[in-house]
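Q: Use the sequences and the hints to build the structure in full.
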Amino acid sequence: MDHQTLTKLLLAVPLLPLFSATLLILAPLFSIKLPKQLVALLAVGSMATAALCTAFLHQGLGDLTEPVIQHVYGTWMQVGSFSVAFGFHLDALSLVMISIITGVGTLIHLYSVGFMDQDKDFQRYFAYLNLFVAAMLILVLADNLLLLFLGWEGVGLCSYLLIGFWHSETNNNQAANKAFLMTRIGDTGMAIGMFLLVYQFGTLDIQQIQISAAELWPLSNSSAPYAFDMVTICCLLLLAGAVGKSGQLPLQSWLPDAMAGPTPVSALIHAATMVTAGVYLIARCHALFELSPLAMQCVAAIGAITLFIAASAALVQSDVKRILAYSTISQIGYMFLALGAGAYSAAVFHLMTHAFFKALLFLSAGALIYCMHHEHNIFRMGGLRKKLPLVWGCFLVGCAALASLPLMSGFFSKELILEKLLDNHMYGYWVVAIAGAFLTAFYSFRLLFVIFEGETKKEPDMQPTKTMIVPLSVLALLAIFGGIQPQGLVALFQPTAGQEHNIGIIAFTIAVPICAVLFSFIQFKRGVFGRELKSVTLMRVRDFLYSGWAFDWFYQKFFVKPFVTLAESNKNDIIDQASIALINFSRLLNKLFSRLQTGSLRWYSGSLVLFSVAALGFLIIT
Amino acid sequence: MIPQEFVLFFSLALFCIGVFGVLVRRNLLFILISIEIMLNAVAVLFVAASHYHNSGDGQIMYLLILTLAASEVAVGLGLLIQMYRRTHTLDVDRLSSMKG
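Sequence order for the protein chains is A and B.
If you're matching positions, the first sequence starts at -7 in the working numbering and goes up one per residue.
If you're matching positions, the second sequence starts at 44 in the working numbering and goes up one per residue.
What you were told as hints is all true, and nothing was included just to trick you.
Negatives, chain A to chain B, calculated, CB over 12 Å:
1. L44
2. T180
3. K450
4. F473
5. L537
6. K563
7. A570
8. F577
Cβ-to-Cβ under 7 Å is the rule here; a few derived chain B residues that face chain A:
9. V62
10. V65
11. L66
12. V135
13. S139
14. M141
15. K142
Since the hints were derived computationally from the structure, they do not count as laboratory data.
We treat Cβ as the ideally placed atom computed from N, Cα and C, and that holds for glycine.
A: In structure tokens:
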């Protein structure tokens, strides 16, 4: 394939879902009623074609001598000397991303056909979902930060629309608002960061910025490696956007609430693709971040703290989707930790395997919820292994990959991250990561045991449909074997020579999740999970963890409440009080003077005469 | 030859009578007549001053005042008649609906 064909294929990848979304949105406006099969065909077909194009791109990119396609399709805007191009940049990183988005996206679209079959807003659902995929593809393919930001905001919008998809319930709308507003906080930071970059370099082209930045801010001032300079500010502002989008500390609390949306949406947006956009952003701008050791430390610290907090919060949840949401936050914490350690390929590799096994877990949770008649609480399930063997199998694979049991996909990526941490002598972070791995394995198998073992509490009233089984099986295979070929990824970034590690340490990291699983099994056998707690202290700890370390309470108390109080006290507009006082004063004068207007003519003439005499007398006397 | 002071005092007396009339009368017609008296007091003063200064300006002024008075009465009486038709009274103490 020549270069021209490749660029055309590249353009087709985001345009196909966009075309389908446009059709699905416009059809009701012209009151054209599309049959359900056609909607499904359009949505899934466009995705499948995009996935096919991606496969061709894989092939084509491998044939090129330098595996990068950079093509400018036109100028988006031109203001003075500042211009923004509409250009795509495809390299190994974005190729991995579009493969995940189109591949997992196609499977989730197919699954949705079965899952949303009974929903009356079938068409609206697929319009949003296709629009999301288009925006996400633009995000990862953009060659400049503004086009990336367009996709960034596009996915934010679709996330908002899909969280609040069942908009007749107030809770869902509130969750959607929360997600939108909290990510907007980060996006504001990111926008300011972009302004700073334009101010510094006069361009938003990502490659150009990274080249210029390395010249402008050489990493030579080793006397103060943690200086708070311009590059650090830019990186921290970009990091703010990444933190908001990826649900990291301190903007993580929207993600568990975002589970109000349909489950395939949680799988696609809030597990596999959108929430990893922050990881992608940092990996994309890694040359910029490397110039600021302080920013790198921040990334690692945020990742480490988040992964631990979220993993501990997942220990006590009872809603199956909330457990998975917290585990998503925790796993993205691992990716941030890897990014902070400079192991971009490890982070992106974990992103990929996570997309597989977390999408699998969410979709099988969706199948579970579908079969159990919208039951979310894991403690009202139990003993479903025999009743829903397929869902059980998928859950088992997903949990094993999440727990990074040996030879599953999650195992390779997480081991790689742990290894890189040791390579970079970040032992403190390594300990946190190991503790997180223990907790992860523990809560994922707690989930599995509570739902599928023990005695049956509720009978499933349905079995998953065929359109759900196919994506589940494919994802299960990916979750098992997805960790096998990371060569393309490692080639992307300069590979650092891996040191030889003590065999004991490697054995230890492998043993930790297995021990956690065994521990979880013992605790399950003892009936610890779901038991009423007797001690008040333990209950307090449980409630604290259950609320996700009480971040919502904190924000409510320190941000929402003061703001509401301020807004309420300002209900009558303090600034307007000055002009209102002026109005009141002139009204008072009016009342006073209108007393003089008695309406009696003789009174007027009398006062006229009196005044004239007085004035005359005054003139005569002086 | 009448002395100047006489004319001055006569004019003043006329003016005060006019003012007094405006202040004490209740009937709008009489108030108008009192205003006419005040105008005439001023006119007399003009004529006397013109004689004193030996110039014709004051007498021309008198003619102007005469015209003014005539037109004022014409308008005033017209309004008066309208007023009477509407309210059937010319008592200014009862015509006090225009108050603040």
